[in-house]
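Since the structure of chain A is provided, determine the placement of chain B on it from the hints.
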Amino acid sequence: MNRIAQGLTLVLLGAAALTSTVPTDLYLNWVKAGFGPFLIAAGIVMVGLGVLVIVAEVRGERGALDEEEVTPETAAAANATADASVHGADPVGDHGDGHDDDDGHGHDHARAPRVAWLLLLPVVAVFVVAPPALGSYTVESTGGSSGPPPRDDRGASRFNDALSEAGPGDVVPLGIQEFVMRAWIDDEREMADREIELTGFAVPTEDGDGWYLARLQMACCAADAVVNKVLITDQPAPEADSWWTVRGTWVEPEGDLYDVSEHEFATLQMDEVTNPPDPYE
Amino acid sequence: MSERTTQGSASSGSLGDSLAGGWDDRGDELPPADWGKRPGSRRTGTVWLFALIITAMAFGHAWLSDELTGQAFLAWATIFTAISFQAMPFLVFGVALSAALVAFVPTSVYRRFIPEKASRAVPVAGASGALLPGCECASVPIAGSLIKRGVAPAAALTFLLAAPSINPIVMIATAVAFAGQPEMVLARFVASLLASVVIGWIWVRFGRTDWLRLPSRTHTPGASQWQVFRESMLHDIMHAGGYLVVGALAAATLNVMVPRAWLLAVAEAPIISVLVLALLAILLSICSEADAFVAVSLTDFSPTAKLAFMVIGPIVDLKLIAMQAGVFGWRFVARFAPLCLVVGLLSTFLIGALIL
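Top to bottom, those sequences are chains A and B.
According to the numbering used here, the first sequence holds residues 1 to 281 in order.
According to the numbering used here, the second sequence holds residues 1 to 356 in order.
The hints are simulated quantities; they were obtained by calculation from the structure and are not laboratory data.
Model, not experiment: these values are computed from the prediction.
Every residue gets a Cβ at the ideal spot worked out from N, C-alpha and C, and that includes glycine.
Reference excerpt, derived from the structure (chain B facing chain A, CB under 8 Å, subset only):
(1) Ile-53
(2) Leu-64
(3) Ile-79
(4) Thr-81
(5) Gln-86
(6) Val-92
(7) Tyr-243
(8) Val-245
(9) Ser-297
(10) Gly-326
Only chain A is shown next, with the shape it has when bound in the complex (with noise of 0.2 Å):
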């Protein structure tokens, strides 16, 4: 890879990182909100990096570094370890494939490894592709929850949702995954008999009894993922990844609320909803 191809990667690297941040949102289908400014700054350095770069060589400036391949003890006088015996050994001896490129040729230090041309792959990967949210597909390979999260004694006090504050007659608006913590772990069952509303997309169960409806819950990026489901039998199954906000009640199961596989949800209405803001919680 000669030094025009790396700056013009660059370029078109950081233009994917801006494209996707600036003009669109498509870069909340894959990582956090918070990311956005970080991807915008990333994206400016690149793109400026690359475009001095190939000033740079325009301009027939030479490259200001010079390499060799050396072990770091040429280098590094301070490792007190070095074995003297394998002292002056080949250092380029043994390398994987791949990265031949950057060997052996001492002198052509502006050259950059082969495997750097796999940078494009994100490049392609935003224009082409545009990769859309995890959905229903990821919810029915994920299988069966996780299972309920560890016990712990602080009572009610540990829930921060809207339920803590609302009124008694209020409509309470909950994030799914708030919606199955409690139902999960609130041995108080304040939830029982309140009015609900949940919004996330539908998802086809397996035997085709209900459906759920479902909210993939992200911490950093799409990779860590995860789901968040609730059971809906009393309204017809609508169309995979469509996106509903359900008000209803939560139907409050017998026994020990640890034992419960699938939280169950009782519906009064839904509404389809057209373009949800952020696909994740």
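Same frame as chain A, now just chain B:
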């Protein structure tokens, strides 16, 4: 005379050509064999190649985007893009910081702050890992530049392991994820720091310098500090970035292909469950700032198994292995990654037994 005529006609011909045809003819008029290898024509070729790539992407955007509907493929593409984009800011700023270390901080500064003797430098490096907020993508190039500036490799490697494991952001994320279980935060801190320092000491004792491959850089005379900065940043992004994409590809593939249901089947077995979560941490390659949230969601597993997930993840994973190979070479990774895994697991079992 005849010679003059030929010359005259040739020159008139080339005048007309140059007006009409321009660049194409010059290759014929200046035929030396090495001309094709001159940077000028290579550059033109590269520019054409990128023009082609961009055109292909524009066509792909217009026609292909709506055709790509395979659910599994889209989920894979989402996770791949997510890992790449999540790591990108960390990579860029880690690389900028490491380039700044190379370009602007004189070697004497390191000599003053880091003990000369490698075995004493290792704990210092481990503790200073607690200061730099960032994830593993940032620490690989930084460790590389520390070695180049004369810091003992063992100390730089300890820093490489400790920085993503115990920095303040990771500790806060762990405390938020494991609300009400402060012992988990303590266990993570102690186990990760212990593993990093022990690995550093093992490297002091047994490590061989020819396992590490690093370009040593001599500044071209007359190059300004900014040129050095620009060049080291470009070099590091190209090396670490390419391998980051390799890691993201592997992690996304495994994330989509390995059903979580398989994991739950082994959650009950005491030692195997720890090994399984350690393996999962290696395969999933989740950023160290997010792994606590995933660990807490694996509720069927024992606390020690979750601790293993959080201790192993930041020090060995697919993304990290690929990046280390890019910066230090495969010969290094083949020894370093297994060492990290073994020491990390031992440390997890020890601390898990003591604290959890």
